[in-house]
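Trainee: If you want the building blocks of each chain, they are given just below.
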Amino acid sequence: MSVALHPAPFDPWRTLGEFEAGGGAPPGKFGATAAFVGTMRDFNEGDDVRAMFLDHYPGMTEKHLEAIRAEAMERWPLDAALIHHRVGNVEPGDPIVLVAVWSAHRAAAFEACRFIMEDLKSRAPFWKKETLVEGERWVEKNT
Amino acid sequence: MSVALHPAPFDPWRTLGEFEAGGGAPPGKFGATAAFVGTMRDFNEGDDVRAMFLDHYPGMTEKHLEAIRAEAMERWPLDAALIHHRVGNVEPGDPIVLVAVWSAHRAAAFEACRFIMEDLKSRAPFWKKETLVEGERWVEKNT
Amino acid sequence: MLDSSAMVYVKFFASLREQLGTGELQLPLRPGMRVEDVWNSAAGQPLPEHMLMARNQEYVQADAEVRDGDEVAFFPPVTGG
Amino acid sequence: MLDSSAMVYVKFFASLREQLGTGELQLPLRPGMRVEDVWNSAAGQPLPEHMLMARNQEYVQADAEVRDGDEVAFFPPVTGG
Chain A
1 MSVALHPAPF DPWRTLGEFE AGGGAPPGKF GATAAFVGTM RDFNEGDDVR AMFLDHYPGM
61 TEKHLEAIRA EAMERWPLDA ALIHHRVGNV EPGDPIVLVA VWSAHRAAAF EACRFIMEDL
121 KSRAPFWKKE TLVEGERWVE KNT
Chain B
1001 MSVALHPAPF DPWRTLGEFE AGGGAPPGKF GATAAFVGTM RDFNEGDDVR AMFLDHYPGM
1061 TEKHLEAIRA EAMERWPLDA ALIHHRVGNV EPGDPIVLVA VWSAHRAAAF EACRFIMEDL
1121 KSRAPFWKKE TLVEGERWVE KNT
Chain C
2001 MLDSSAMVYV KFFASLREQL GTGELQLPLR PGMRVEDVWN SAAGQPLPEH MLMARNQEYV
2061 QADAEVRDGD EVAFFPPVTG G
Chain D
3001 MLDSSAMVYV KFFASLREQL GTGELQLPLR PGMRVEDVWN SAAGQPLPEH MLMARNQEYV
3061 QADAEVRDGD EVAFFPPVTG G
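Residue numbers (the working numbering), protein chains in the order written: chain A, 1 to 143; chain B, 1001 to 1143; chain C, 2001 to 2081; chain D, 3001 to 3081.
Honestly, I wouldn't trust all of these hints.
Chain C is nowhere near these chain A residues, computed Cβ spacing over 10 angstroms in every case [said to hold, decoys possible]:
id : residue
1  : G17
2  : G24
3  : A51
4  : D55
5  : H56
6  : Y57
7  : E71
8  : W76
9  : H105
10 : M117
11 : R123
12 : P125
13 : F126
14 : E140
Simulated restraints on C-beta separations [what the hints assert, rightly or not]:
id : chain 1 : residue 1 : chain 2 : residue 2 : range
15 : B       : M1001     : A       : P26       : 37 to 45 angstroms
16 : B       : D1047     : A       : A21       : 26 to 34 angstroms
17 : A       : R137      : C       : E2049     : 18 to 26 angstroms
18 : D       : M3051     : B       : P1007     : 25 to 33 angstroms
19 : B       : A1107     : A       : E136      : 23 to 31 angstroms
Think about it this way: if two alpha-carbon atoms lie no more than 25 angstroms apart in a straight line, the pair counts; the simulated SDA-like pairs of lysine to any residue are [to be verified]:
id : chain 1 : residue 1 : chain 2 : residue 2
20 : B       : K1141     : A       : H105
21 : B       : K1129     : D       : E3058
22 : A       : K121      : C       : Q2061
23 : B       : K1063     : D       : A3062
24 : A       : K121      : C       : E2058
25 : B       : K1121     : D       : A3006
26 : A       : K129      : C       : E2024
27 : A       : K63       : C       : T2022
No lab work stands behind these hints, which were simulated from the structure alone.
C-beta atoms are modelled at their ideal positions from N, C-alpha and C, and glycine is treated no differently.
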């Protein structure tokens, strides 16, 4: 699955192994794989964070991720690209997002991976609500 | 192991899973992991490549990789960094190099990972000898 | 004459949904209606400058036209990844 | 007076090793010897411009001094990763 939302915890490294084992990327053709994993931390904006709810817009979120992936595949000579993201309740230490791209050479891989992450952070319809030691708050905006 | 040379094939994604499971990176602290895998292709400089011998300088190669890792840890606020590289006989489709870094935020992770890869490509004592359909050749220089 | 069957499906997300106390509502489509007009009818407060808008699950600006059966969504800046 | 016991350990790698037919040799250290001199004694051909050099497993330039027991290596541009 090139684009997927995970309501339950997922293992990004196993996901990549399975994607490749399933022929997601053409063996012998790709020479460079760049991957990024965003993981929930137990600390944010000066406060301890106990848990998090990841809200999203069913339908638009998937469409948007597919659109970013398609744009990256178009702008760089990629053999494959993958975007997985958590939704729902997340605990500190849980991976939240996995972006991976496969290409012949490393420049395209690094650039495309970064492009997807930056767009995802700035435009993909997700919203984080943090549970602090006392109370909850919606994260205002992404850095 | 933060720096390792592999005489036999290795699985980069499983390596990352085991590194994290072994406490290689502080759970709850790191929020961003950037990883790069270089994989042998079955084609180079216009020729089909059947196999490859990866030569290295025992002692200096390890020292150099440790030095690049240390420099990256110093220049960026990283929680952990890892460099694994194959040596000896390699087949098309075999992963050759794995670089991964862990940090609080993605900018440092992407930049440090790219820095390590670029230095490794330009200065780490490794040399590739390709076996073509007919004959062998040493790769002249890295792109 | 108001086309009584023409409707607009409105959605609110994240903190906005909590503030307004609802995530979804429908309202009758008025001729020449734009996304901004949908907000004014549905939210009962001025459209905040940072608010993001989508029509049929694609980003639009406040002056985008709205047609029968369109899904119009409003949500605060995104914080995913 | 030549210190007969003072030696330099020389290594060649990759295509250079194949060209010279050897990967390792030792030669007596001469006073004031530099890496370039080691090459001239060991390789019997002019030092190619692109050749890389290391002393005790760290990169050095051709004019680096060589001391007793040093390991001096010569190798072509690297092609790892």
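Trainee: Hint by hint, note whether the structure agrees.
Mentor: Here is how each hint holds up against the structure:
1. For A/G17, the condition that its CB be more than 10 angstroms from all CB atoms of chain C holds, with the nearest at approximately 22 angstroms.
2. Taking the minimum C-beta to C-beta distance to chain C, about 22 angstroms, the non-interface status of A/G24 holds against the 10 angstroms cut.
3. Every CB of chain C is more than 10 angstroms from the CB of A/A51 (nearest about 15 angstroms), matching its label as outside the interface.
4. At roughly 5 angstroms from the closest C-beta of chain C, the C-beta of A/D55 falls inside 10 angstroms, breaking its exclusion from the interface.
5. Remark: the non-interface label on A/H56 conflicts with the geometry, its nearest Cβ contact in chain C lying 8 angstroms away (cut-off 10 angstroms).
6. With a closest Cβ-Cβ approach of about 6 angstroms to chain C, A/Y57 is found to fall inside the 10 angstroms limit, against its non-interface label.
7. Consistency note on A/E71: stated as away from chain C, and its beta-carbon is indeed over 10 angstroms from all of that chain's, at 14 angstroms minimum.
8. Residue-level check passed: A/W76 sits 20 angstroms from the nearest beta carbon of chain C, beyond 10 angstroms.
9. At roughly 25 angstroms from the closest C-beta of chain C, the C-beta of A/H105 stays outside 10 angstroms, upholding its exclusion from the interface.
10. With a minimum CB-CB distance of about 6 angstroms to chain C, A/M117 fails to clear the 10 angstroms threshold, and the non-interface call is violated.
11. The beta carbon of A/R123 is not kept farther than 10 angstroms from every beta carbon of chain C, the shortest such distance being approximately 6 angstroms.
12. Consistency note on A/P125: stated as away from chain C, yet its beta-carbon is not over 10 angstroms from all of that chain's, at 6 angstroms minimum.
13. Not every beta carbon of chain C lies more than 10 angstroms from that of A/F126, the smallest distance being close to 3 angstroms; the non-interface claim is violated.
14. Against chain C, the non-interface label of A/E140 is violated: not every CB pair exceeds 10 angstroms, the least being about 7 angstroms.
15. Under the hint 37 to 45 angstroms, the C-beta atoms of B/M1001 and A/P26, about 30 angstroms apart, miss the expected range.
16. B/D1047 and A/A21 have their C-beta atoms about 28 angstroms apart, which keeps the hinted 26 to 34 angstroms range intact.
17. Under the hint 18 to 26 angstroms, the C-beta atoms of A/R137 and C/E2049, about 21 angstroms apart, fit the expected range.
18. For the hinted restraint 25 to 33 angstroms between D/M3051 and B/P1007, the CB-CB distance of approximately 27 angstroms keeps it satisfied.
19. The hinted range of 23 to 31 angstroms is satisfied by B/A1107 and A/E136, whose Cβ atoms lie roughly 28 angstroms apart.
20. Restraint check for B/K1141 and A/H105: the C-alpha separation of about 15 angstroms stays at or below 25 angstroms, so the hint holds.
21. Straight-line distance between C-alpha atoms of B/K1129 and D/E3058 comes to about 23 angstroms, which keeps the hinted pair within the 25 angstroms bound.
22. For the suggested pair A/K121 and C/Q2061, the alpha carbons sit about 20 angstroms apart, so the restraint of at most 25 angstroms is met.
23. Taking the CA atoms of B/K1063 and D/A3062, the gap is near 21 angstroms; set against the 25 angstroms cutoff, the hint holds.
24. The suggested pairing of A/K121 with C/E2058 holds, with an alpha-carbon distance near 17 angstroms, which does not exceed 25 angstroms.
25. The suggested pairing of B/K1121 with D/A3006 is violated, with an alpha-carbon distance near 36 angstroms, which exceeds 25 angstroms.
26. Between A/K129 and C/E2024, the direct Cα distance comes to roughly 19 angstroms. Compliance with the 25 angstroms bound is thereby established for this hinted pair.
27. A threshold of 25 angstroms between alpha carbons decides the hint, and for A/K63 with C/T2022 the separation of about 24 angstroms falls inside it, so the pair holds.
Going through the hint list in order, the structure does not satisfy hints 4, 5, 6, 10, 11, 12, 13, 14, 15, 25.
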